[in-house]
Amino acid sequence: MADLEQFRAETRAWLEANCPAEMRLPIARDADVCWGGRGVQFTGEAQKTWLERMGAKGWTVPEWPKAYGGGGLTKDEAKVLGSEMRRIKARSPLSSFGIWMLGPALLKYGNEEQKLEHLPKIARGEIRWCQGYSEPGAGSDLASLRTSAEDKGDHYLVNGQKVWTSYADKADWIFCLVRTDPAAAKHLGISFLLFDMASPGVSTSPIKLISGASPFCQTFFDDVKVPKNNLMGEAGKGWDIAKYLLTHEREMIGDTEMGGRDSVSDIARKTLGLENAILSDTGLRTDVVRHEINAWAFALTMERVKDEAKAGQGVGALSSMLKYFGTELNKDRQQLLMSIAGSDGLTWAGKTEGEGDLARGWLRSRANSIEGGTSEINLNIIAKRVLELPGA
Amino acid sequence: MALVLTDDQKMIRDSADGFFKTEAPVAQHRKLRDDHDATGFDRGTWAKMAEMGFAGVLVPEEHGGAGFGHVAAGLIMEAIGRNLSAAPMLSTAVLGTTALVTGGTPEQQAKYLPLIAEGKRLFALAADEASRHSPAQVATTATPSGNGFKLNGTKGFVLDGHVADTLIVAARTAGETSDKDGITLFLVDAKSAGISTERRSLIDSRNAARVTFEDVQVDGADVLGEVGGGFAILEKMLDAGRACLAAEMLGVSSESFTRTIDYLKQREQFGQKIGSFQALQHRAAHLFCEVELARSATLRSLVALDEKDERASLFASLAKAKSGEVAKLATNEGVQMHGGIGMTDDFDIGFYMKRARAAQETFGDVAFQGDRLARMMGY
Chain R
1 MADLEQFRAE
11 TRAWLEANCP
21 AEMRLPIARD
31 ADVCWGGRGV
41 QFTGEAQKTW
51 LERMGAKGWT
61 VPEWPKAYGG
71 GGLTKDEAKV
81 LGSEMRRIKA
91 RSPLSSFGIW
101 MLGPALLKYG
111 NEEQKLEHLP
121 KIARGEIRWC
131 QGYSEPGAGS
141 DLASLRTSAE
151 DKGDHYLVNG
161 QKVWTSYADK
171 ADWIFCLVRT
181 DPAAAKHLGI
191 SFLLFDMASP
201 GVSTSPIKLI
211 SGASPFCQTF
221 FDDVKVPKNN
231 LMGEAGKGWD
241 IAKYLLTHER
251 EMIGDTEMGG
261 RDSVSDIARK
271 TLGLENAILS
281 DTGLRTDVVR
291 HEINAWAFAL
301 TMERVKDEAK
311 AGQGVGALSS
321 MLKYFGTELN
331 KDRQQLLMSI
341 AGSDGLTWAG
351 KTEGEGDLAR
361 GWLRSRANSI
371 EGGTSEINLN
381 IIAKRVLELP
391 GA
Chain G
1 MALVLTDDQK
11 MIRDSADGFF
21 KTEAPVAQHR
31 KLRDDHDATG
41 FDRGTWAKMA
51 EMGFAGVLVP
61 EEHGGAGFGH
71 VAAGLIMEAI
81 GRNLSAAPML
91 STAVLGTTAL
101 VTGGTPEQQA
111 KYLPLIAEGK
121 RLFALAADEA
131 SRHSPAQVAT
141 TATPSGNGFK
151 LNGTKGFVLD
161 GHVADTLIVA
171 ARTAGETSDK
181 DGITLFLVDA
191 KSAGISTERR
201 SLIDSRNAAR
211 VTFEDVQVDG
221 ADVLGEVGGG
231 FAILEKMLDA
241 GRACLAAEML
251 GVSSESFTRT
261 IDYLKQREQF
271 GQKIGSFQAL
281 QHRAAHLFCE
291 VELARSATLR
301 SLVALDEKDE
311 RASLFASLAK
321 AKSGEVAKLA
331 TNEGVQMHGG
341 IGMTDDFDIG
351 FYMKRARAAQ
361 ETFGDVAFQG
371 DRLARMMGY
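So the protein sequences, as listed, match chains R and G. For what it's worth, my numbering labels the leading residue of the first sequence as 1, then goes sequentially. For what it's worth, my numbering labels the leading residue of the second sequence as 1, then goes sequentially.
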């Protein structure tokens with residue numbers, strides 16, 4: 001414990017000296033979130049410096065091994081780093097599908113050459129990744145995907161179409177599920193390929209959503225040549241990697257929806273005001289408190305799952321539970337915030353920047369229970385793997 | 001403290017599970033009901049619970065108890081919930097002990113706590129007067145008389161009041177009916193002149209008495225805590241009770257859920273197990289998540305009591321609210337998914353719904369806890 005306290009003191013001092021003041025302000029616009037990549041456009045010198053300094057220390061990925069560009073920290077040290085960053089309200093230096101999704105899968109399934117090639121660039125934010133999973137005919141039934149990768153000796157020839165590829169138009173590389181064996185059973189003919197989005201034959205087209213934003217794309221592959229050594233894991237074993245990665249994604253979606261935001265009751269109090277020490281709108285007050293009870297019980301469940309994992313008591317197949325409940329809770333929150341805002345919440349555009357954000361946030365949240373496995377798919381998984389119900 | 005059980009706590013959980021499953025299973029609950037048992041629980045079982053250290057789970061070691069703490073008490077209550085075991089665990093081991101530990105003089109503690117641990121003295125809290133839980137609403141009066149007080153009034157929901165040896169009575173020594181100040185707690189011998197007790201059997205076959213006090217003379221030495229300052233002690237008792245009821249309801253939920261899942265795997269209709277129908281699978285999977293949430297909130301509330309966390313009241317209300325809501329869902333779904341057989345008295349699943357209903361009402365339901373929580377959070 002003494003070592004940990006020393007680590008805390010050193011970390012605190014380093015952060016004080018190295019985190020630019022601008023990077024301690026709340027995130028106000030989308031551009032304030034840094035995604036890195038070849039085409040990165042920093043909002044200013046502070047954002048660039050912050051990424052470079054954290055990347056050099058490996059603290060963008062504190063628990064990855066140093067050999068792969070990580071910080072080599074223990075779980076406890078990483079927790080300290082996180083709490084010290086929160087203490088000074090430091091922004092995350094880098095948001096990245098490479099960190100959240102591909103990295104853990106690469107560490108588990110990638111060969112040494114692939115780890116050395118890709119992980120450090122993810123850690124330093126040099127390469128931005130996107131995920132090629134869903135297809136027009138393969139949504140919830142993901143394993144029915146049809147994008148083909150034909151074995152041409154030294155390379156695969158990739159043809160097909162992906163959809164809901166987040167930020168494909170801004171990504172440098174893609175990790176992609178492809179069918180390498182059309183004759184095999186549907187889960188067994190799938191492989192996991194990594195390739196450069198700048199390869200000839202790759203094109204993207206953004207999809208406009210109900211929120212007005214276009215974070216997702218359609219991605220087309222037309223005779224894209226992918227070197228054989230870009231295959232991760234074994235040919236035909238891609239589904240195992242896909243599931244492993246989805247587990248991480250679900251935990252992440254469940255987790256990030258919760259942390260570091262004003263509570264619904266704080267917002268309600270500020271917006272609606274109090275009367276005789278209770279919320280002036282007593283009908284909404286009931287909804288707010290029911291939401292907060294669930295939000296709190298959920299946060300405690302996240303905490304318990306982590307504590308149990310640390311104590312070696314795996315609760316098993318819980319990512320589906322966290323994803324399901326976390327996203328439903330976030331949708332409930334966004335709906336409540338709309339109710340609290342009343343007619344003001346309906347604003348789509350006004351004189352000042354930021355008007356309409358609430359409505360857009362609400363509309364965006366509707367996707368939470370669809371992306372990364374719908375609520376229904378996650379309930380199926382719980383029914384099958386945890387409850388072992390028949391025929392599921 | 002992390003939200004995981006220690007090795008010692010796991011041992012207590014396992015021994016409690018084993019104990020109630022063999023010594024006080026649902027069959028015992030059914031028999032007590034069918035026999036219209038005068039006590040409402042089995043005194044032999046209670047004596048064994050004392051031997052196991054359950055009765056004295058919260059009694060400090062220097063007073064002959066096990067001093068295991070609230071997490072352990074919760075684990076015992078959870079096992080009680082799973083087996084629907086009738087025992088004066090809540091009224092005596094939790095409320096009685098908490099009252100004495102929190103507000104008792106050294107003399108009162110030395111007199112009563114060892115008897116609680118030995119299972120030789122039963123307590124009952126005589127506080128509620130309104131049918132909707134509202135602990136400050138005390139119209140029962142205590143007026144100075146001789147070297148003590150005279151009690152007058154009626155208490156409506158005195159759990160185990162028909163068998164209690166000592167009543168812990170909340171009476172008003174000052175203030176208006178709903179004031180928190182001016183409430184005083186008294187330790188009153190249940191056989192005192194002027195006390196009349198009317199036993200009421202409840203839907204869950206437990207008992208709550210209506211107790212009337214008519215010029216009941218109590219001694220100054222029987223005041224628990226400060227005159228006029230009883231509400232703070234009462235709140236501590238109720239919070240321990242709420243957290244332990246949350247744990248009991250967690251046991252009710254998880255057992256009702258387990259039995260229902262088993263049934264879904266056995267019952268066939270349309271030529272297949274009904275558990276293969278997605279309409280039931282999704283509800284079962286949702287319920288699984290809800291039970292896990294109730295477990296987290298409950299454990300947190302018990303840890304908070306052990307750590308004397310300043311937010312212990314907050315967590316007690318959170319746990320009582322969440323576990324109560326989940327128990328309602330779990331037992332309603334239990335009966336519904338069992339179909340017609342779930343409506344029969346022969347089948348046990350209905351017992352769980354009845355116990356859940358009564359436990360939810362006890363010391364405040366979801367609406368009460370939600371309001372209390374919101375006020376504590378400043379809205």
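Derived from the structure by calculation, the hints contain no laboratory data. For glycine and all other residues, C-beta sits at the position ideal for the given N, C-alpha and C. Errors might be hidden in some of the hints.
Said to hold, decoys possible - One-sided excerpt, in silico: chain R residues whose CB lies under 7 angstroms from chain G: (1) Leu-279; (2) Leu-284; (3) Ala-383.
Hint check, failures only:
2
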